[in-house]
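Q: Residue numbers (the UniProt record's numbering), protein chains in the order written: chain B, 1 to 304; chain R, 1 to 304; chain P, 1 to 304.
Check each hint, because a few of them may be wrong.
Intra- or inter-copy, both count: the list cannot distinguish identical chains.
For lysine to aspartate or glutamate, the following EDC-like pairs were computed, each having C-alpha atoms within a straight-line distance of at most 20 Å [unchecked claim]:
#1 Lys160 to Asp196
#2 Lys188 to Glu206
#3 Lys188 to Glu200
#4 Lys160 to Glu242
#5 Lys82 to Asp232
#6 Lys82 to Glu233
#7 Lys10 to Asp176
#8 Lys82 to Asp267
Calculated from the structure, these hints are not laboratory results.
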Amino acid sequence: MRHDHIISAKQLSRADIEAVLDRAAEAAADPEAFADRHENALLGLCFFEPSTRTKMSFTAAAKRLGGDVVDMGPVGSSSVKKGESLADTVRVVEGYADALVLRHPSEGSAQMASEFVDVPLINAGDGAGQHPTQTLLDLYTIRESAGFDDLTIGIMGDLKYGRTVHSLAHALTNFDADQHFVSPESLKLPRSVRYDLHEEGASIREHTELDPVLSELDVLYVTRIQAERFPDESEYRAIAGEYQIDTETLEAARDDLTVMHPLPRVDEIAHEIDDTDYAHYFQQAHNGVPVRMALLDLVLGGDR
Amino acid sequence: MRHDHIISAKQLSRADIEAVLDRAAEAAADPEAFADRHENALLGLCFFEPSTRTKMSFTAAAKRLGGDVVDMGPVGSSSVKKGESLADTVRVVEGYADALVLRHPSEGSAQMASEFVDVPLINAGDGAGQHPTQTLLDLYTIRESAGFDDLTIGIMGDLKYGRTVHSLAHALTNFDADQHFVSPESLKLPRSVRYDLHEEGASIREHTELDPVLSELDVLYVTRIQAERFPDESEYRAIAGEYQIDTETLEAARDDLTVMHPLPRVDEIAHEIDDTDYAHYFQQAHNGVPVRMALLDLVLGGDR
Amino acid sequence: MRHDHIISAKQLSRADIEAVLDRAAEAAADPEAFADRHENALLGLCFFEPSTRTKMSFTAAAKRLGGDVVDMGPVGSSSVKKGESLADTVRVVEGYADALVLRHPSEGSAQMASEFVDVPLINAGDGAGQHPTQTLLDLYTIRESAGFDDLTIGIMGDLKYGRTVHSLAHALTNFDADQHFVSPESLKLPRSVRYDLHEEGASIREHTELDPVLSELDVLYVTRIQAERFPDESEYRAIAGEYQIDTETLEAARDDLTVMHPLPRVDEIAHEIDDTDYAHYFQQAHNGVPVRMALLDLVLGGDR
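Working from the sequences, and respecting the hints, build out all of it.
A: Take a look at the structure:
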């Protein structure tokens, strides 16, 4: 995988994914061993959209490898405002760095940009498109908590607009997971995603309620239902309320259920869950560091 | 003090304070000795309010110790905008760092946030609450210039709203300083602060003019009187003008008077003072680096 | 040149310039040799105006030398908003860093600020004034591609407002270049610049069209014509269109013509040029790193 661009989780085979997760597990277990691995490496950060955790965890990952970042800063203070094209921006920034991380609001932008640069480019989210490092840290969290053997996962919330969810569902077909999708009727998986998953031989079922499947689940992946998807506030309140998790909801769950969430959460998961063994969402966010360390290590030539 | 949170100067005993100041003096005298002390350490910066000097000097301090920072960036570009709670934010960020620095507009927020994280959290200002690292650098500056023995200090300007001043006054009770408070009637110390200082056995006196006490002072700590505290501009002008310092004002002062100011200043101190031996305010700002190096060194386990 | 401020390219003799370019060439050829040269150095970044490439390449340069940066951040989040003077800001920040980089909208601000600090200050652009590191990277690019011997250069576009161009033209008088200035009548060199160049014995000629001189040129330096210089959009369109470069335009050029541009470009240079040997503008941007490494190395005491 050395020196490749990382554009989409779909480009990664099961073997590729496992190579990243194995490397991430090494980094988590023995960070000291990675601390000087890329001592002079600079990672160029091109974030055309706000981001907290993705940007911070790429930054932490670069620094945990002994490297550093060069940040383009917010778009408002950059040449982009003067009308510079994305292709020009990345061609300039590649001169300042050994690898690039790009977040951009347009679907397909990461692929396009990668064709203009010689250094490895990692997609950190391209609008409604892909966000492969999020998928990898989700997979890592699942592997560390529940494992991939005979995995049964529930994915709940906004399944229509959530790119995180689509990308994870695709990736899980590599591991023959049983996938249950739980959402209000109006936020079901898009037909095209459902079709693709069927084509890939995925085992999927769709539900409007969590109760019927909860007891079967090894993992419950919760996402946020956004108010702006609904015509009025009261409709949103009514529907969102049905897809919230608290300790009462989880009474029917297995004791070793892993609850995940890509964060930020608003009130999809009650705070009373935070201190239970169910809660893996903060650990999930933290896993962004070893996973991104692993990816950077691989694209920067960690096999040396 | 290892691995503790630093929330308020009030939590620090005289011995604690002296341990920080001694360590800071070591860092200032021999920075080389500290240059690799925390080589793999990452400091997470969570600034929910603008800051120049506090953020820059924490950053410089982390880097002068061989460590680095991971910055949440401005709130406008973060998950906070999506409705994430402070407790969630700090629990995510602690996964990216070995210690956290928090500035937040709400009084009490640092204490609350510290209860959710396992890494040391340092309060860099919580609204009208505490700002302990400012107090420590003020104390360091006083110790280096005038010393604590038989200290007589004047604190002048806005004594009603200035948290810096309240915190410093409390801390100075540890050193039996004679404290003179000089302000317009409308900006006197709040009754509650005066009461607490009396309870702590502080030696304090209040004045509306500087002249009567100036010649007794070892240190004069000037703060800014803000226009927005007054109903109209002309009243502000009139009052603020009485609490400005220039070389004429200081004719009655002792030759070794130390003039301090937390900065930024507007026109409380005439520029003609800058090149005199009275001026310690830039050095005071610079002292933020060794003082924060010392604090970080202590919370990160500098005794190893 | 050790410990000097770098305010204007005009302060640099031919020998000074060549010392910087030689050092830059060393840094470009063998970056490893520079990787630990300033291991504990901190560069204070004071950007009072937006900047992408200047700020990023100073940052990359500091880090490529083993050092790091402490960034004041955007003005909106700083003490400047509270009315702090530039002189005060730089006097505070010098306490956090070993050298300062200043960009500020007011002409003359870098010179003024440098008089208040003891650490070296590098001007990264002071409004309509100077931007010496841009000039040095332009000179470096010319030396690496065309060389200074018998150099014939065309400088085209907005010659009235472009400080980059004025500064470069002055610097090129050190190397006895033949300079052709190509612009619409309304955007010709200001009389004062033309006068100064004549005084310095420069060999200059002015044109309104590129065609007559193109075939003589070793280097063609293109700058952007900004819409806001014209009373109406259609006039701008008509004029800007005449000063755009594409492969057809360049048919009359020498095969080894070097095309440069300070970037960002909008449509002054057609994208079809990007993949030809003419295009040196991305390399020119990348050259900012070794050139700034060289400058930092020199001001921080690289001769040790």
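Q: Work down the list of hints and note, for each, if the structure agrees.
A: Each hint tested on the structure:
no., hint, verdict
1, Lys160 to Asp196, "within (14 Å within a copy, 58 Å between copies)"
2, Lys188 to Glu206, "within (8 Å within a copy, 67 Å between copies)"
3, Lys188 to Glu200, "within (19 Å within a copy, 64 Å between copies)"
4, Lys160 to Glu242, "within (17 Å within a copy, 49 Å between copies)"
5, Lys82 to Asp232, "between (38 Å within a copy, 19 Å between copies)"
6, Lys82 to Glu233, "between (39 Å within a copy, 17 Å between copies)"
7, Lys10 to Asp176, "within (15 Å within a copy, 58 Å between copies)"
8, Lys82 to Asp267, "between (40 Å within a copy, 12 Å between copies)"
This entry satisfies every hint, going by the numbered hints stated previously.
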